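Residues per chain are reported as follows:
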Amino acid sequence: MWRFLISGILFIASILGIAFSIHSIAEPVHCSLNLPIYLGLAPVSFVSDTTSSIFAILLFALSLAFSLFSPSYLSNKTKNERSLFWCGSILFIASMAGTLFSGNAILFLICWEIMSLSSAALVASELLTKNTAKASLIYLSATRVATMLLALGFLSANKLFHSWNFADWQLMRPEALTAALLIMFGCFIKAGLWPFHIWVPYAYFAAPAPVAGLMSGAMKKIPIFLLVHLLCSREPVGFAIPILFLVLGSVSTLWGMIFALVQADLKKVLAYSSIENVGLIMLALGAHLLGLYLHMASLASLFLIAAIFHMFNHGVFKSLLFFASGSIYQKAHSTNLNDLGGLAKRMPGTFLLFLLGTLALCSLPPSNGFCSKWLIYEGLFQLVSSPNVAITGSAIIMICILIIAGALSLATMSKVVAVIFLGRTRTKLAQHATDCGEFMIVGQAVLACFCILLGLFSAPICTYLTQVLKQESFSSPDIFKFTILGVLCTGFVYIAFLKQPKRSSIYSTWDCGFGPLSKRMQVMPGSFSQPIAALFSPLLRYRINAEVSGKDRRHFPEKVVAESSTQSVLESKIYTPLVQAVAALGKHINRLQAGSIHIYLFYLLMTLLILIVLELVR
Amino acid sequence: MNIAIYTVSALLIPFLLIGFVQKMKAQFQNRIGAPLLQPVFNIFKLFGKNQIISEDASGLFRAGILINFCCFAFLIWSVPWLNFSPAITNVDIFFFVYLLATARFFSILSALDTGSPFGAFAGSREATISFLVEPAVILCLLALSILAGSSNMERIFSFVSQTQFHNPIVWIFSGIGLFIVALIDLSRMPIDDPTTHLELTMVHEAMTIEASGRNLALSEISYAFKLAITFGLACQCLLHGIYFWLPNNQWIIFALSIVGMFALGLLLAVLETVLVKLKWTKCPDFIAYALTMGLFACIAALGVRA
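Line by line, the protein sequences are chains A and B.
Numbers -1 to 616, taken from my numbering, label the letters of the first sequence in order.
Numbers -2 to 303, taken from my numbering, label the letters of the second sequence in order.
In isolation and in its complexed conformation, chain A is listed as follows (with noise of 0.2 angstroms):
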């Protein structure tokens, strides 16, 4: 009953906050609390403006379908559980609209650390049940190195700027170059760029299906607001940062398909996927700060506009697809595609929204997802046409790997589609497997709506954003026409040719005449990425091992096992020494604690004369 209730305050609050936020777009909101609570060196201020109420709908409308989803997800965890989801989640979104309206430096940091501690403690609150402990170690150090490099950051712009509000600062400036780094790489981690993503597929499988939608679809885009917020204003930051914007992005793009491909988990997949698509929204930012540099003002506004479309389209489908994963998890008791299988059938909604997020995460028309890359694409053919060779070249490079991440994606989320949902079931978990509860068909179905219609309305939307954004205009492509044109096709053939065929029969699967084929017959998820994986073997440390034994083991083998790993060089090549070392440092530092007070007095009479020996020798 409770759970209803709670999740009725937040649908109210959502349709509220997206009010809110629609209005505020046009004209920015101030608003400073004289509240007792002084923040030591900043009163508690709210200011709304264009791009944090543009980055506010998004939040809201991801926690509008959270609340619709989750009061069924949790119908069958314990009371803990829920109490623990319920608070989490609810100080996380309002955390996550804090950080977006808030108007100092202080209250950003504490909104932030508010959000980061809330979705630490919801990714680990499946405890009990599934081995989380080293996903929220993992996720809650990203964490707190992410906050110190902003603190860090924070701290340096406040010694050159002598103010804690955002708006007085000017981090373009080479002076507040050491600022900029600190606070970009504070926002990369927390964003999940390469290569500081390991955090994000250990974090979404631990966590909660709509927890992980939330973190995916609204909590990855927190930095992002932050980047754009104090960097993309209308002048140019240098050569250098543009760069590393575009290089890590591109990377990341490459590297996050890559490692999706042979994922055997569907949270793993998607949060992999999301690596991806954050790497796309960095690259589009850097090729905005390189369009300033370049003074190349129409370029600079397509990118941005490019970026925050795809930031808000990602959103949506990402959050849609992991919703969807908490379905299949509820009914079919398992995420792992090894075990999945058939599902089309027994879950028909499920299924057909799952095939709308992947055709916008596939970036395929006329999703979504495709608009926004359509514009990323425009972009970067004009930086083709640009006069400088060096550009020129790195677009083409760019413009190639966004092409493979691309058909990466497609030949990872056809297989995902594939073994979840086609053929038979491949395992007892999911034979029973039935369609879940309306609420969370509608939750998902809400954002469905939201990836269609930014599709269909793509132009208008990329002109409305142009203008609150006061961009130069620029003209975008235009999907409309074609997706009508295409549907109408699509029934017309159908109708045409398809309906009441004359004669249809059903019949079971060709098995070449050896007898009926078994569920175990069909593909494996392995399998099928096989082929594209063994192509990037050297970067995925992809390995076959395979025994054939028995005694004519040419012929008539007994025993046939095969079994493909993978690796992550990063994590185990440089990650895994890292913590080892400093884990190792820290044994000696240990040392020094040794729980007698004589030592201690030793410490401090040593301080002391060194304090003394110091003043001396000035």
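Hints were generated in silico from the structure; no laboratory data involved.
Just to be clear, a hint being listed does not mean it is correct.
Claimed, not checked - Output of the computed footprint for chain A on chain B, the stretches with three or more beta carbons under 8 angstroms from beta carbons of chain A:
| no. | segment |
| --- | --- |
| 1 | 43 to 51 |
| 2 | 107 to 121 |
| 3 | 143 to 152 |
As the structure is a computational prediction, the values presented were derived from the model and not from experiment.
Glycine included, every Cβ here is placed at the ideal spot set by N, Cα and C.
Using the hints, position chain B against chain A.
For chain B alone, coordinates are given in the frame of chain A:
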């Protein structure tokens, strides 16, 4: 006018081209071969036939084939594979590539829908091939669009912008690249043998293994459309390359385009007669030729612009 030309051509040329290739292959093997219009007869036959659908298939099986067909039907009216500007305008190279990807996505899904291991193998290969071939396609088209200064397909293949940047090398490289891409994408000889009946090794034929009756007819038609589009684009590239020697009459160029497509068909028949199918692990090496052509074309185009 253009709509009429594209409609008539779309209804005739793709099927004639398939029939022609089959006829030529038969001639090279000293057989008489099926009549030129056999593909059309086949499609009419398939439309009249009973369709069998697997009990494991969901609705996506038929929907996938339908959407795949519609993508190609859309493309054949919107891509300038003849020298006239297409019936549906404003399609740019990125939209073209992604629409091909959409068609591919749905054909892979309908191949996997029945749970058949053959379809799944083929789907996996198709995904791999598309991953390898898409950079080549985009590089070839990008080179041309650098010349034209626009990513719009009809402006790239318009014969008008040639007065500014006429560079046969770019066009020829792109043309060869697109022809190799066509061979790969249509799963023709060095990659795949369309005439064997060993589905375990095949790509396209194994993907449609569960389709029958009208479904098979639709996928055959989309295959024919794909053939016409890819061969047509390659032929247009080559024609642009020898633009200097061409008379300035649209209808003559139109006739030449059709002759060129059939010439490429003849080349395909010769290739399929003399070549053997590559081992699957060697395919990436062959696809690399297309990529190289695309890279050369891009570099040449940048050189011309500079």
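Here is what the structure says about each hint:
| no. | hint | in the structure |
| --- | --- | --- |
| 1 | 43 to 51 | holds (count 6) |
| 2 | 107 to 121 | holds (count 11) |
| 3 | 143 to 152 | holds (count 3) |
Violation of the numbered hints given earlier is absent; every hint is satisfied by the structure.
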